[in-house]
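Trainee: One letter stands for each residue in the lines below.
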Amino acid sequence: GQQVMQIPQYQHVQEGEDFTTYCNSSTTLSNIQWYKQRPGGHPVFLIQLVKSGEVKKQKRLTFQFGEAKKNSSLHITATQTTDVGTYFCAGIISSGSARQLTFGSGTQLTVLP
Amino acid sequence: DTEVTQTPKHLVMGMTNKKSLKCEQHMGHRAMYWYKQKAKKPPELMFVYSYEKLSINESVPSRFSPECPNSSLLNLHLHALQPEDSALYLCASSQDRWLRNTEAFFGQGTRLTVV
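Sequence lines, in order, name chains X and A. Position 74, counted from 1, in the first sequence is what the working numbering calls 82; the numbers after and before it change by one each time, with no gaps. Position 53, counted from 1, in the second sequence is what the working numbering calls 54; the numbers after and before it change by one each time, with no gaps.
This is chain X alone, in the form it adopts within the complex (with noise of 0.2 Å):
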């Protein structure tokens, strides 16, 4: 079935470190979706990617979305103790009719003071 990866699924950083988690697709994305999850929270939506080859950036966050529209990437600068959380890349992936919204496997983000 489709499937969207991320890597790592866990990643542990000092504050002030960088931070970037990998998204990949077995199939070609309509657009791009990250969410963030805090811990015992719910996903809430940071940024929507639709063009190939696209970059938004959202202060310390940079959102890139691969030229194959396959991939997508999530860099923090500058960690702080408030990034934490998990996460989410999530493909719209158009199949007949329908798109669903398929989220990533996620990861875990831990920012050590």
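In short, the hints are calculated from the structure, not lab data. It is possible that some hints are incorrect.
Only pairs whose alpha carbons sit at most 27 Å apart, straight line, appear in this in silico DSSO-like list of lysine-lysine [unchecked claim]:
(1) Lys44/X x Lys23/A
(2) Lys44/X x Lys10/A
(3) Lys44/X x Lys41/A
(4) Lys67/X x Lys78/X
One-sided and incomplete, this derived list gives chain X residues near chain A with beta-carbon spacing under 8 Å [unchecked claim]:
(5) Ile100
(6) Gln108
(7) Gly112
(8) Ser113
For each label pair, taking beta carbons as the anchor points, the in silico distance ranges come out as [as the list claims (entries may be wrong)]:
(9) Ser63/A x Thr85/X: 43 to 53 Å
(10) Met28/A x Gly61/X: 25 to 35 Å
(11) Lys42/A x Val21/X: 21 to 31 Å
The structure displayed is predicted, hence computed values, not measured ones. Here a beta-carbon is modelled for each residue, glycine too, at the ideal position from N, C-alpha and C.
Start from chain X and add chain A according to the hints.
Mentor: Here is chain A on its own, set in the frame of chain X:
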């Protein structure tokens, strides 16, 4: 109002019980979703409603029965669940199910324990 409200927040039920999870949004969204999330796993899509009609059922067992009474409400009726059904059940909504230029808004979830 950009909230999706789910009730109850926590639910413990026996395997012979019947219970319902409720979800409400007042953003005018026409697509609503049920997801199931096990610990340390991503949300898994269960059902999609588009314009109050069921458009996707991801081969979910019949002990889970969704219902969309109107465009603002989504229910999930539970009957004869198994302990392995214990999970966080998330409701979400979006402007439409095509997700072209729109994100999904998630509720806080119902943490379900089946005993």
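Trainee: Each hint needs a verdict: does it hold in this structure or not?
Mentor: Here's how the hints hold up against the structure:
Of the pairs offered as hints, the one joining Lys44/X and Lys23/A holds, with about 23 Å between alpha carbons and a cut-off of 27 Å not exceeded. For the given pair, Lys44/X sits about 20 Å from Lys10/A by alpha-carbon distance, which is consistent with the 27 Å threshold. Restraint check: the Cα-Cα separation between Lys44/X and Lys41/A comes to about 13 Å, which is no more than 27 Å; the hinted pair holds. At most 27 Å may separate the alpha-carbon atoms for a hinted pair to count; Lys67/X and Lys78/X meet this at roughly 25 Å.
For Ile100/X, the interface hint holds, since its Cβ comes within 8 Å of a Cβ in chain A; the closest pair sits about 5 Å apart. Taking 8 Å as the C-beta contact cut-off toward chain A, the hint placing Gln108/X at the interface holds, the least distance being around 6 Å. The interface hint given for Gly112/X is met, as the beta carbon of that residue sits about 6 Å from the closest beta carbon of chain A, less than 8 Å. With a cut of 8 Å, the hint placing Ser113/X at the interface with chain A holds, because the nearest CB-to-CB distance is about 6 Å.
At about 49 Å, the beta-carbon gap between Ser63/A and Thr85/X stays in the expected band of 43 to 53 Å. Hint check: Met28/A to Gly61/X, Cβ distance near 32 Å, so the stated range 25 to 35 Å holds. The hinted range of 21 to 31 Å is satisfied by Lys42/A and Val21/X, whose Cβ atoms lie roughly 22 Å apart.
In the structure shown, no violation is registered for any of the earlier numbered hints.
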